[in-house]
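Visitor: So the sequence lines, in the order shown, correspond to chains A and B.
Just so you know, the first sequence maps onto residues 1 to 97 in our numbering.
Just so you know, the second sequence maps onto residues 1 to 97 in our numbering.
In case anyone wonders, no lab produced these hints; they're calculated from the structure.
There could be a bad hint or two in this list.
For chains that are exact copies, the list does not tell them apart, and a pair is met inside one copy or across any two.
Stated by the list, open to error - Straight-line Cα separation of at most 25 Å, DSS-like style, residue types lysine-lysine; simulated pairs:
1. K97 with K78
2. K97 with K24
3. K47 with K24
4. K78 with K24
5. K93 with K31
6. K31 with K78
There are 2 protein chains.
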Amino acid sequence: MLLSVADRSTILAPLISAGWTHIKASDAITKTFLFPDFIQAFGFMTKVAIKSETLNHHPEWKNIYSKVEITWTTHDCKGLSGLDVQMAEFCDKAYSK
Amino acid sequence: MLLSVADRSTILAPLISAGWTHIKASDAITKTFLFPDFIQAFGFMTKVAIKSETLNHHPEWKNIYSKVEITWTTHDCKGLSGLDVQMAEFCDKAYSK
Chain A
1 MLLSVADRST
11 ILAPLISAGW
21 THIKASDAIT
31 KTFLFPDFIQ
41 AFGFMTKVAI
51 KSETLNHHPE
61 WKNIYSKVEI
71 TWTTHDCKGL
81 SGLDVQMAEF
91 CDKAYSK
Chain B
1 MLLSVADRST
11 ILAPLISAGW
21 THIKASDAIT
31 KTFLFPDFIQ
41 AFGFMTKVAI
51 KSETLNHHPE
61 WKNIYSKVEI
71 TWTTHDCKGL
81 SGLDVQMAEF
91 CDKAYSK
């Protein structure tokens, strides 16, 4: 379900503070994660992939060596949903470990 | 080492026939692989990731659900090398299994 206008101000603010960018045109959030090397970047992607599959909510992402650029949006509701917020928070948690 | 002009005609032709596109501006090759679902797409990426790490030659790639778009080029020689050909062939082999 699309995030309500009321929810957005409270829910998106902490993500923006954590480095996520809100792409208004596509109502998506995106962030670039940097790692020391490819193995650590792909290890992170594997964690996110498994969680994605568990929630049946998958990212749009790009990887070049130690850099992973992830974008979350929900095609079913044509914009940000609670699942995008949940996955963005999961990414930050997985990255910080 | 950059592929020689002589090598290119014989080496690149089979890859082009197999669906790879040569991007002249960046001297790279790119191909989009389609799978039935995310698990199979990410399984393919995992095989390619492990091989990449073994050869210390990593892709530039993008994944959206069941679609994986891979680009190979060699930054050290600013264009296509034998490693790109080897990895492109590995991708086709991994995909066909």
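Visitor: Each hint: holds or not?
Guide: Right, here's what the structure says about each hint:
1. Neither within a single protomer nor between protomers do K97 and K78 lie at most 25 Å apart by alpha-carbon distance, with minima of 32 Å and 35 Å respectively.
2. Neither within a single protomer nor between protomers do K97 and K24 lie at most 25 Å apart by alpha-carbon distance, with minima of 30 Å and 41 Å respectively.
3. Neither within a single protomer nor between protomers do K47 and K24 lie at most 25 Å apart by alpha-carbon distance, with minima of 27 Å and 35 Å respectively.
4. Taking the shortest Cα distances, K78 and K24 sit within 25 Å of each other inside one copy (12 Å), while across copies they are farther apart (36 Å).
5. For a Cα distance limit of 25 Å, the shortest separation of K93 from K31 inside one copy, 13 Å, qualifies, whereas the shortest one across copies, 33 Å, does not.
6. Taking CA atoms no more than 25 Å apart as the test, K31 paired with K78 passes inside one copy only; the shortest distance there is 19 Å, against 28 Å between copies.
Of the numbered hints given earlier, the model fails hints 1, 2, 3; all others are met.
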